[in-house]
Structures are given as C-alpha cells and as structure tokens.
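Put chains B, C and D on the given structure of chain A with help from the hints.
Protein sequence lines, in the order shown, are assigned to chains A, B, C and D. Under my numbering, the first residue of the first sequence carries the number 1, and numbering increases by one thereafter. Under my numbering, the first residue of the second sequence carries the number 1, and numbering increases by one thereafter. Under my numbering, the first residue of the third sequence carries the number 1, and numbering increases by one thereafter. Under my numbering, the first residue of the fourth sequence carries the number 1, and numbering increases by one thereafter.
I should point out that these hints are in silico values taken from the structure, not numbers from a laboratory. Misleading hints may appear alongside valid ones.
[To be verified] Take a look, some chain C residues computed to stay more than 12 angstroms from chain D by CB distance:
1) 37
2) 42
3) 94
4) 95
5) 113
6) 125
7) 126
8) 128
[Unchecked claim] Once the Cα atoms are required to be at most 27 angstroms apart in a straight line, the calculated DSSO-like pairs of lysine-lysine come out as:
9) D/518 with B/289
10) D/514 with B/289
11) C/129 with C/94
12) B/48 with B/6
13) A/140 with A/117
14) D/308 with D/403
15) B/50 with B/4
16) C/31 with D/49
17) D/263 with B/218
18) D/478 with B/193
19) A/3 with A/151
20) D/312 with D/263
21) D/536 with C/31
22) D/192 with D/260
23) A/151 with D/65
24) C/115 with D/308
25) B/79 with B/4
26) A/166 with D/403
27) D/84 with D/536
28) A/151 with A/117
29) D/138 with C/115
30) D/260 with D/308
31) B/83 with B/50
32) C/31 with D/308
33) C/115 with B/289
34) C/129 with D/116
35) C/94 with B/289
36) D/536 with C/115
Given the structure is predicted, the values throughout are model-derived calculations rather than measurements. Heads up, the beta-carbon is just placed ideally off N, CA and C, and yes, glycines get one too.
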Amino acid sequence: MNKYLLYPGCSLESSAKAYAESLNAILEPLDIQLEEIEDWNCCGATEYLGINLIPAYSLIARNLALAVKQMDGAHTLVAPCSACYLNLAKADHYMQERPALGTKVNEALAAGGLEYKPGTLDVRHLLDVLIYDVGLDAIKKKVTRPLSGLKVAPYMGCMLPRPDYKHRWSDHEHPTELEDLLRVLGADVIDYPLTTSCCGGHMTQIGPETAFELICRLVAGADERGAHLMATVCPMCQLNLDAYQGEMNGYFGTDYHMPILFFTQLMGLAFGKDPDELGIGTELVSSRQALMHIGVEVPAAPEPTARRKKEEGLPMPSRLLRNGHKHEKEAVR
Amino acid sequence: MTAKPKFAMYWAASCGGCEIAVLNIHEKILDVDANFDVVFWPVAMDAKYKDVEAMEDGSILLTLFNGGIRNDENEHIAKLLRKKSKILVAFGSCANEGCIPGLANLSDSREIVHTAFNTISTDNPNQIYPRTAFDVPEGEIHIPNILPVLKTLDQVVDVDYYMPGCPPESHQIAAVIDLVVQVLQGKAELPPKGTVIGAGNSTVCDECKRTRNVKVIKSFERIYNMQIDPALCLLEQGIPCNGPATRSGCNARCPAAGAQCIGCYGPAEGVLDYGARLISAFASVLDAKEPEEIDHILDGLVDPTGQFYRFNLAGSLLKAGVPAWKAESTHEKEKV
Amino acid sequence: MTENFEPTIIGFTCNWCSYRAADLAGTARMKYAPNVRLIRLMCSGRLDPTFVLRALSSGADGVMITGCHPGECHYIEQNYKALRRYLLLKRVLKGLGIEPERVKLIWASAAEGAKFASETTAFVEEIRKLGPLNWGKARDQLPVISEPIQREEVAA
Amino acid sequence: MSEKKLERVGVYVCHCGTNIAGTVDVVSLAKWAEEKLKHLGVVVAREYKFMCSSLGQELIEKDIKELGLTRVVVAACSPHLHEKTFRTAAKNAGLNPYLVELASIREQVSWVHTDKAVATEKAKAVVAGAVSRVIENKALEEIKVPINPNTLIVGGGIAGIQAALEIANAGFHVYLVEREPSIGGHMAQFDKTFPTLDCAACILTPRMVEAGTHPNITLLTWSEVVNVSGYVGSFHVTVKKKARFVNEELCTGCAICQEKCPKKVIDDVFEAGLGYRKAIYTPFAQAVPKFPVLDKENCTYFIKGTCKACEKFCPTQAIDFNQQDQYVDLDVGNIILATGYDLFDARRVSNYGYGRLPNVFTNLEFERLSNAAGPTSGNIVLRDGKTTPKSVGIIHCVGSRDKNFNNYCSVICCMQGLKFAHLVHERTGATVYNFYIDMRTAYKAYDEFYQRVLEEGTLFVRGKVAEVTDAARYEHEKGKLIIQVEDTLIGKQRRIPVDMVILSSGLQPRHDAKAVGKQFGISCSTDGWFTEKHPKLDPVATMTEGIYIAGCAQGPKDIPSSVAQGAAASARVLDKILQKEVALEPIKASIDHDKCSGCRICNGLCPFNAIAFIEDDQVSDINPALCQGCGTCVAACPAGAISGTGFSDEQIMAQIDGLLFRNLLPVEA
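With the rest of the complex left out, here is chain A:
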C-alpha cells in the first residue's frame, strides 16, 4: 500500500464531485492510499498568478508547506486536477529557480508559522502516478468489464504536457499516456489530434465567443471521428465541455451531444463498479446512450425541474456583439 499525499482542489468538492467519487472507487483495487492535506486552501486556479505573483505563490506554497508536515515517508503530492497540479508544480519549480521569490514566499509563510524548502515534494498529476507508479499491467489485471465497443476520444488538456518541467510526459503536443490507459481498459480509442488543445479555461466568463469556438472545435473533432464520449483528466475541461455544450450548440446553431466523463469514471466501469458509485449520471450531457454500447444501464436522468416560467415580458433583443452585427455562421454546420 504505497502512500501519497492528496491535494483534492476545490472542484473535486463541488462541480467535479463525480471525479472525487470515481477516484475513491478505484483507489482500493489499485492499492493506493491518498492522505488529504489538513486545511488545504485554493490553488489560485488560472487567474491569480496572472494578477499578483508573490501572494499567489504564497497561497499555493502554503499547501506545499502543509503537505510537508504530513510527509512521514511519502514524498509525492498528487493533484487530480491539472490546474492545481500545474500551480503546485510551478510554485515548487520557481521557488527553486528564483531564490529571491523563494525567500519572499517563505517570509509570507512564516507569518503562519509555515515554511517550504523547494524540492522536498515531488508534485505529480493523478494520471502520471497511475501510469508510471501503479503501471498499466497492474491496471489491466483489475479490468473485469472491458469497455470494448465504446469509442472514446482521449482529451488530456493543455496544462499537463506544457510546461513539462520534469519531462514526465511522452510528448509536448501528442502525449499518448491517456490513450494507452484507455486501451488497457479495453476502450476503442479514436485518433484524436486535438488531445492537448485548449478548452478555453475561464474564457467562458471573460470572452464567451472564444470559449464556444474552442469548445466547438473539441466536441466537433470528437464527434466527426465517431467518438461516443470524451475522457478528460481535468475538472475545468470537463466543466467547460459538459456544462457549456448546450450554450455552444445554441451559439452555433449546432446539435452536439457529446458526453464528457472523467477517465477515473471509465476506469471504475472497467473495474466492474456500477455507474452510481462513479457519479455517472450527474453529467449534464447524459452518457446514458453512449454507455449502452458496453451494456451499462445508466438510470434516466431525473426530468429537469421545470424551469421557472419566465414571466411573459417583452422579447429581449439579441445581444449586441463586438463588431456590431450578429456573428456569421463560420463554424461547422
């Protein structure tokens, strides 16, 4: 039973609860013990580092300092979410590379009686640990219900392979780790060239049209290649592709129905767990149809509660767009 320190991150407690549930479900068969860090705090996601470095890195480093206190033997800190993994890795990397930053951050941490010496912890993503520590053979042994017949588009997102400080991934543009894992689970993995293209991140809040464009490329790319569903390794990608797929369809007048699941959910299925243990069914774009290909009965999603009837009012004019005219349909039909 090899022990790892876990930094769950905010999404696993809210929008990506399914990721957390499916992760717990596969821990036992894979003989991994994840010990959550006491009193961890937000990792600053994508914005904070862009606004103000020192407080952002101090915020992140606080987690590292807390993790060091719970080390006793385990020296790997696992982050299931790509954004958390990247921020924690960046903090450890730049505190080492730029001693001035390191000392300032440690001054900040000292206020809370904490301190972090860069390099003590090995910050790694969950997928990296599963493939390179647990190993594909060990995973293959646990597969009881191979996902054969299920066409999956492997989507690793852009934060894992770039910037790959410690050269953990096979390639910076076309890494094969997720693909190899899904094949071991028996899935029928499609050749998906957009595996590390960006999902828009928080552009859904800042510039929706750009986000919809990026989401559309990813979903259309998977759909064209006949994928039944997409497997992701990051709650933010899952959220963007799943929650905003409807709005994207509305924006482009398309009708995609591409379920977006976490790779841990697929692993759970392959290990023979039932869907509700894995949080399957909570996704907005239902995976019910897709999973029929492997004979998995997903309980019908509860009828969406009738939306509060909007009081009748005057029809709203469509939003004025930046270039003053309604966008022309340049996206794919």
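Below, chains B, C and D without anything else, positioned relative to chain A:
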C-alpha cells in the same frame, strides 16, 4: 704508504641501524681494521670532536656519514667532516633522502618538541621544556638547536658518493669496503664523483623472483587481510608494492619474504622525485575511467603521502609539508 | 597583501585540443587573466606529476592541467591516465598540507576557445583567494624582476 | 650552471606588424633577453617586423652561419603556424631543424591581454622558458616511413566513388568498402538532381559501372571495417565481408532468384519504407556489384527451413545457404572516410505529424515516389497509392536551424524543396506551397532555378510552420492536412489546407559516426561530423596523418561539393603515394634496457601496441615505427627508464624553471 689510511663514521639523525649493518659484515670488519686506522667512530671508540678538529684537512680517507641533518650540531659535524675527509659517503637512506626522521618534515618542528615533552607517559606537570642556552655559574651551556626542516647530507655539504638502503645490505657494504681496499692497492679505479655505490642501477623488480604480467590495478588491499599468492607479483594482487620505483641492490629481500617493498633503497638512477614516479605509475594502470570509480579505488590507499614518501620526503622536490615550511619562515624571523 | 597578489600559474596543454583552444582564444581576441604560462605537451597523458611538483616547488602558486575531453583524445584514451594521476596527486598534496585546489584539471576541445579563456580566469581568481604558496622560501630566492607589475585593469 | 659547454642561442622577437608589437614591448623584450639570458648562452637577440617573411628568415640563416648559433628561439605566433617555416630556415643554414623552438607570444600573450606592462612581463617569462627548453633540445632526424600505394576508401557514395576513380585512374589500387549491398549511396535514391534536373541515375550509374569494372578498384560491398591499426603509410585494416549467401563467381546477375522469391519485405533502406523488396534482393536495378544479397532475418529458409525457391531456379547454382562471413585483411597506406550522412528522423518533430498523419512524407520518401524506378513508377500519389494530390505543402528546415534539434543549416534542403515543387508542378499540376525561413540558393545556377520555380507559380510562404494537423475547423478544411503557419511577410497567421505535405528533413551525422571516428583515431565535432584538420584551409585532412575525410561525413553539403572533396582527398592521397615515403615527426619514446626492471607497468598503456615485453630478457621494448609519441609511458615509467624525444623530461623541467624565472642571474638587490 706507510701509515694506514684514516677511516671515520658518524651517526647524525638516524636510528643507528647503519652502524650495526657495518658490524654485520662479520669477519670482514677485520679487513677494515687491517687496512684502515679508525680515527673517529663515536659508537665504536672514544674520540672527541676536538680530536677531529685537530686533524689536517682531507686527512681522513673515507668517512661514512649516516643520518639526516636534524639540528645545528649535525650540521656542524657534517661541515667539519667534509673539511677533514677526502671521500665523504652519504651512507644509508637517512643521509641520502631523510628516511623516517625526514617524515618530521610533515609538521612544525616546535610542535614536535611540544609533543615530545607531553606524551601520555611523560610526567611534565609544570610544562618544562629544554632551553638551548642556559646560564650556570661556570658560564653559558648549550644544547643543539633543532632545525625547522630536516635536511639531507647533500643539502648541507658536497657529497662524494651515495650509498642507499635502510640499512644498506651488509653484502653491499662488504663490496664497497673491498672496492676501497683495491683502490688503495692501486688495483681499481674510484667511480666518478656523485655515483650511487652499493646498489644496482635498475629497480627491485629486476631482482624479484615473482612472476610479472601486464599491470592492471582493480583495487588496493591491505596485506594483513589478504591470502598472498607466493609466486605472483604483489602489485598485481592489489598490494601497493613500491618495488617498480625503488633502486635494486637488496635482492628484493622484502617481496621474497612475502611483504611489499616500501622503498628503502630510494629512487632509481636519475629520478628527481621518487614519490612522483609512483604516483604516475600506480595511477596510470588503474582499471577505471570515471572519476567516482577512480576515487573508489584510490580510497584503498589509506595514507598516500606515507606510501610514496616514507623514505624520500626530505630528498624530494617539495622536501617538506606546509607546516614545516611555515615553521621555517617564522623561525627565520625569530632568529634575526 | 593578498588583494593585489598576482598569482603565477603554470599551465600544461595538450598539442591537439587544449593548446589549439588557447590558440583559438587568441585568434578570437578573447581576453583572459595573464597569470598562466603555458607549456605544450604532445598529450595530457605526457603529464608527469614530477612536473607539477617541480612547478609548485619552484615558485608557482598553482598548476592548470588541460587536455581533450575523455573519449576525444587524439591518442584515443591517454587523457584518462592524466585524470587518474591528477586524482591521486591531489590526495598526496593534501597530505603535505597543500590545498588540492591549487591544481586543477580542465578538459577543453580545440573548438572551445571561450571555455579555455573563462576557465583560466576563474582558476586565477581561485588561486588569488588561496594566496601565495611561497614554497620553501623558493619565491624570495627568485631574482627580483625589474619593475613590480602594476595592473591597469584585469581583463574580464 | 654546470660548466658543460654553453650553447650559442639566437633569440628573434617578431612584431607581427602590430599584432604583437601592439601589446608587447618587443624592443625591450629583445634587449632583456640579450642581457638577462646571456649566461644561459644567448649571444644575439633581435626584433623584426615580420620574422616569417623571407627577410626575417634570412636574419636567422645569416646569424646561424656567421655567429655559429647552435640553438634558435623565435618569439612570434603559434608553432602550429610557422614552426615548419623556421625549422626549414635553420635547415637551410645547416642547423638541425629540431634545435629551433617557437615561443608563442601572439596567440597566448599579445592577443589575449590588454595591459602592455603585464603582457611584456609574460612575454619575458615565455621567452625565458623557451630559451631554457631549447638548450635541452636534441638534434633529431625525421623518420622516413614507406607509403603503401594501396588506399582504403570507406563509403561508396558519390564522394567515395569519385575518390576511388581518381586514385585508380592514376594507376594505384583502391579498396572501396561499402556497408550496403551496392555502391551509390544516397544519390542512387534520388530521382532528379538540382539545379540541372539531370536524372540522378543517369549521371551516377556510369560512374558506378566505371568503379565496378575498374581493374584498380576492389569493391567490398555488404562489408564493414572491423579493425584498424598502424599509422600513415602502413595501416593494417580488417574488413568483415558479410555473407551474401550468393556465390559471386557463379552469379550472372540475371535476377531470376529475385522474381521467384515469394517473400516480400518492406525496404526501409533504399525505398525509405515506401516500397517492397524480396528476401533475396539487389537494392535497385543498376546495383553495382550486380550480386544480390539474401536477407537472413526475412528468408523463409532461415526462419522455417523450407522454401529454397531461389536455389531451385538459379541457373548457375550460385545460391549457397551456408556461406559464412569472411574477414579480409588489407594493408593500405592511406584511408579516406566518405561515410555520408543519416537523414534527420522527422518523427521527432511531433507537431508535423510524420508517422501519425498518413499523407505526410519525408524528402527521401518523395524521392522514391517521384522516381520512375520507384514503388509508384514515378506517379506522385498519396499514401493510399491512388489519389493524385491537388495541393502540396513543402516544409523546409525540418530539424535544422532549430535549437531543439540541430542548430546548423543542412545546406541542401532549400534546393531540394524547390526541386520537389518543380516535379509536383510538372507531374500533377497541383498548387504547391513552399514554407521556408530563408531561401538558401548560394551556388552556381541555384538562384536561377529558384526564379524558374517562382515563375511556375509555386506559392512561397516565409515562416516557420507551427503545426500540420488533420483537425479541420472549417468546411473547406475537411479531409485535408491543415498547415498552420505565420506568414511573416504579411504578418498574419495562416491555415493552408493541402492534400500532401513533404518534410524537407535535414542531414545528420551517421548514428555510429563517433564509434567510426574512434576506430580510425579521428575526433568528431560537437554536432557529430568528422573534424577536419583546419575548417578553412584543410577541410579534407584530419589531425591523424594518413586519414582523410570527404563528402557529407565532414558536414552537410551538396553533390558538387561532395565530388570536389572526393577528388581533393584523392589528390592528397596521391601526393603521399608519389612521395613513396613520408617523414614522421621524430617524436618517439625509447626504453633504456639497463634501467628497465621488467616491472611491466608500461605494457598496458599503449593503444597503438607499440610496447612489447621481451620474455627472455625480462625487459619491455618500444617499436619506434608504431610509437605515436604521446609520451604517456615516459611519464608512467616508475624507474624513469623510458625517455621521449621532442618532449623530454629535461626539456620540460628546464622550461618550467625558465617560465618561473628560476635561472636568471640573481639581481644584486
């Protein structure tokens, strides 16, 4: 030649083994008595410095001087005997290259004195140290001053012949005595000044009976925890044997007895620095290419400085370690 | 006294790599510390520890040994012997109380003029920090050279 | 100083214009040498503007004759430049040339220091060192070594063939060793050559036939050099002739065996993986020699013990299944390495998709596509082997001029890209895009070819291609390869959909270049190409006497340069052969058998096996012919029994003392 030629032997900073080696030539000592008039040999007969001072210059035909120049008394007598002797021979390793006493050159001479009077077995509660000059009613009495760096004989006076060995082998001493006797009888020529006599001009391996193959050193071992193959060269068994660099003449006495040569016969002909030769020879045949591997093998040499300069430090290019030179420079300041 | 102490260093180079690196530094007009005086050997394997001891005991404050990178020796593998002798010699120097850092081994290929220049200057600064060796008062037996060396500026 | 007779030393300080005089006070240096080194034997010290000039040399010659000089020190530039000049001058005046010593006060003093006082001081030390050293120099005679007129050429590409023909035509024998079954090298794979669009086979095969039939050339194909020993004039080389399983005496080259052989194998070497060959094959029709080779790994007989079709149908029973590898021993005087290059593996640039996207081809693959003898008989088609592309993108500098891969420019990819553009236009009428960073068309008629390809309507986009992807975003991109590039001339990102992409991969040193270099005793540059003796003035020679290099083994170059270097290398070899002997530097080691105790420390130190142990005398001995003069054994001998000429202990010890001003007259304080 009516009166027998005069013969002298002196014992400076050394262990006296060379004197015993001379006696060790058994009945040949009678030849010495027969052919020489021993005028000055402190350990064997009673003669005073003033007797030697009274002699004319160059009146002693043959002087065997053994021992390094440790204090100013040694220096004084060395100069005196040089004046009085026709042939001055640096006899034995101490006179030639400093030998074991020369190892004092690794430390500060004042510390040596301090240690000498403070060993566990020394009872010196109120820290009394010898003073080289002391007033007594009869006047000022002196004891010799220790020199900061032990010097070899030829660093103090001009030496005619060198006879290495610690001690020189008795058969070699006997041979030298025969040679001088024959020269006296006009039957032989003295070799050119500065030659090394009583030794071979190759190295110990020449006389060693052990079989020798291409040298590759995989590790250095300590002899006491090894099962030694009696026939094979010791160096090839990992024992750091100085034979390859040590002058021949002793018939490889030690390797024949199963012990490694430690270099008492000094450097081979024309070699400037004995230790450097061994450093180069041993290092060149180490079986490793990466620095870590090389260092790992070298860790087997517990005391490299001792291994390479046990007998030759005072006669080497560096002559002494840093502590001794520091003592010398401060010593100079004190005296002046 | 040490701040304007100008160390004197003897440098051994091998004819095929490091000597040509020094020449290349020259043709490229790279500036480096003037304290090293070079001797050309056919190969770093020709370096006899006696040379180093001779230099140190004759007034040098440091010795620089240079040669081809391991594996690139013109005589195939002779620089490995130089490496082995260097490592053993340093241990003996330590035993004699001489700072082993006074002798340094640097690999420089014929194309590495810049490296040769920068390593030389760096080594001179290291020796300057260690101060004069002054072996056996050897230095003051040295004849006084006509005028003391004033240093307008130390080349970078 | 012992009272042995003083040498009469002349010191000559060169101004070298201002190169030395600019930072070293040459006048005071000469005066200082004359005064302070008089007691060592300096009788004259001059300074002159250009010592290497004939006037400068005459100065020395006159002094030698009139003042009876026995030693000369010239304080000037590096010995690598003018040592020979001043040695010849001394020789002309009757002084043994090895009694001259060069003190380098230019490269190692004036050019690298700025402070004049310090530089002059250092120059004094260098001169003092040189004078002390030259006194210990011994007169030496150059060792004449006979030159074996045979030559070994490794690598049967165009450079190797050219060199072989030049030497063979001059009447001397050549052994041409080639690793592949046939000579021809990479050039044999090309369809056309730029800029003349000559068909590669048409201009190459006649040369191959000439080499194949030349009485003075012995072809050793399907062979590799496994051992090299000896030195210039007498190298001893062992070549392993791999078993062809075809008896060369009986085989007529009728190729029936190739027809009948049932086993098809993908030909990764000659057809660059695009075409097939049989288990028994010749790489291409015009192969020289014409004997096929049986590929043991893929032959059904060797795998299962069945088939033997080739043996059955061979009219002359030339097939011999138990043929063994042969080892051929050759004695040659000189060796030319023309081992060529490897292509950069385009897979390493993952964002160009080679190996993932079917319709991305490398330049070598396209050469085979466009070659009439190629797998598609010259039809340019997509990977499906049927559809002709309507639009083609050619990307230059793949893996070259790129700090992630190879920094250097591979010289030929631009012209090759232009050639491909022309061929695509000519054969398919497709629209062609060339993506380049700089268009490098430097040699004769190259730029004119570029103009011609421009006029044919090729669309040039200046920019480094970011990505080749099949992820279409728009309707018109579906089913195409989209080239994402920043067009730096219009400052915009562009997405250009094409049917086919050709990657102009760069040239790289052979994967085993370092090992081959080590085998022949030459070194490789940091990039891995063989290191030439001098990049500008001596590009075909190496540091090792008697070993020459030619063609792409020395660095990327086009066919004309490779041919020129092949001829140049052969000229260097011919000049050695015609001299019949070569003078070797008399820098040798020798053992004094009286001092040697037979300790055998030195026996394992010589990579040239020059040191042997004489059993009956129980002493070691050095063979002067094999000794290369490195001096490692001189330094290692514990008994000091080995001495070396040219760099003796006495010389170096004296130089150390000189450099440290240890032997100056003590100045009365």
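Against the structure, the hints come out as follows:
1. Under the 12 angstroms C-beta cut-off, the non-interface status given to residue 37 of chain C relative to chain D is violated; the minimum distance is some 4 angstroms.
2. Look at residue 42 of chain C: its CB is around 5 angstroms from the nearest CB on chain D, not clear of 12 angstroms, so calling it non-interface is violated.
3. Every CB of chain D is more than 12 angstroms from the CB of residue 94 of chain C (nearest about 21 angstroms), matching its label as outside the interface.
4. The Cβ of residue 95 of chain C lies farther than 12 angstroms from every Cβ of chain D, with a closest approach of about 19 angstroms, so its non-interface assignment holds.
5. Not every Cβ of chain D is farther than 12 angstroms from the Cβ of residue 113 of chain C; the closest lies at roughly 10 angstroms, contradicting the non-interface assignment.
6. Every beta carbon of chain D lies more than 12 angstroms from that of residue 125 of chain C, the smallest distance being close to 16 angstroms; the non-interface claim holds.
7. Once the 12 angstroms rule is applied to beta carbons, residue 126 of chain C is consistent with being away from chain D; the minimum gap is 19 angstroms.
8. The Cβ of residue 128 of chain C sits about 14 angstroms from the closest Cβ of chain D, beyond the 12 angstroms cut-off, so the non-interface label holds.
9. A hinted pair counts as satisfied when its Cα atoms are at most 27 angstroms apart, and residue 518 of chain D with residue 289 of chain B qualifies at roughly 16 angstroms.
10. With a CA separation close to 18 angstroms, the supplied pair residue 514 of chain D and residue 289 of chain B stays within the 27 angstroms bound.
11. Simply put, residue 129 of chain C and residue 94 of chain C have alpha-carbon atoms about 18 angstroms apart, close enough for the 27 angstroms limit, and the pair holds.
12. The suggested pairing of residue 48 of chain B with residue 6 of chain B holds, with an alpha-carbon distance near 15 angstroms, which does not exceed 27 angstroms.
13. As the CA atoms of residue 140 of chain A and residue 117 of chain A are separated by approximately 38 angstroms, the hinted pair breaks the 27 angstroms bound.
14. Distance hint between residue 308 of chain D and residue 403 of chain D is unfulfilled; the C-alpha atoms sit about 51 angstroms from each other, more than 27 angstroms.
15. Using a Cα cut-off of 27 angstroms, the hinted pair residue 50 of chain B and residue 4 of chain B holds, with the two alpha carbons roughly 21 angstroms apart.
16. With a CA separation close to 24 angstroms, the supplied pair residue 31 of chain C and residue 49 of chain D stays within the 27 angstroms bound.
17. Between the alpha carbons of residue 263 of chain D and residue 218 of chain B the distance comes to roughly 52 angstroms, so the proposed pair goes past 27 angstroms and is violated.
18. A threshold of 27 angstroms between alpha carbons decides the hint, and for residue 478 of chain D with residue 193 of chain B the separation of about 101 angstroms lies outside it, so the pair is violated.
19. At roughly 34 angstroms between alpha-carbon atoms, residue 3 of chain A and residue 151 of chain A are farther apart than 27 angstroms, so this suggested pair is violated.
20. Simply put, residue 312 of chain D and residue 263 of chain D have alpha-carbon atoms about 15 angstroms apart, close enough for the 27 angstroms limit, and the pair holds.
21. A distance of roughly 24 angstroms separates the Cα atoms of residue 536 of chain D and residue 31 of chain C; the hinted pair therefore holds under the 27 angstroms criterion.
22. Proximity of residue 192 of chain D to residue 260 of chain D is assessed by CA-CA distance (about 31 angstroms); at most 27 angstroms being required, the pair is judged violated.
23. Between residue 151 of chain A and residue 65 of chain D, the direct Cα distance comes to roughly 96 angstroms. Violation of the 27 angstroms bound is thereby established for this hinted pair.
24. The straight-line distance between the Cα atoms of residue 115 of chain C and residue 308 of chain D is roughly 62 angstroms, outside the 27 angstroms bound, and the hint therefore fails.
25. Taken as a hint, the residue 79 of chain B and residue 4 of chain B pair is honoured in the structure, with Cα atoms around 24 angstroms apart against an allowance of 27 angstroms.
26. Between residue 166 of chain A and residue 403 of chain D the alpha-carbon distance is near 19 angstroms, which keeps this suggested pair within the 27 angstroms criterion.
27. In summary, the hint linking residue 84 of chain D to residue 536 of chain D is supported, as the alpha carbons are separated by about 19 angstroms, within the 27 angstroms threshold.
28. Between the alpha carbons of residue 151 of chain A and residue 117 of chain A the distance comes to roughly 45 angstroms, so the proposed pair goes past 27 angstroms and is violated.
29. Under the criterion of a C-alpha separation no larger than 27 angstroms, the hint pairing residue 138 of chain D with residue 115 of chain C is inconsistent with the structure, at around 35 angstroms.
30. About 10 angstroms separates the Cα atoms of residue 260 of chain D and residue 308 of chain D, which keeps this hinted pair within 27 angstroms; it holds.
31. The hinted pair formed by residue 83 of chain B and residue 50 of chain B meets the criterion: a straight-line CA distance of about 14 angstroms does not exceed 27 angstroms.
32. At most 27 angstroms may separate the alpha-carbon atoms for a hinted pair to count; residue 31 of chain C and residue 308 of chain D exceed this at roughly 72 angstroms.
33. A hinted pair counts as satisfied when its Cα atoms are at most 27 angstroms apart, and residue 115 of chain C with residue 289 of chain B qualifies at roughly 23 angstroms.
34. Taken as a hint, the residue 129 of chain C and residue 116 of chain D pair is honoured in the structure, with Cα atoms around 25 angstroms apart against an allowance of 27 angstroms.
35. Restraint check for residue 94 of chain C and residue 289 of chain B: the C-alpha separation of about 22 angstroms stays at or below 27 angstroms, so the hint holds.
36. A distance of roughly 22 angstroms separates the Cα atoms of residue 536 of chain D and residue 115 of chain C; the hinted pair therefore holds under the 27 angstroms criterion.
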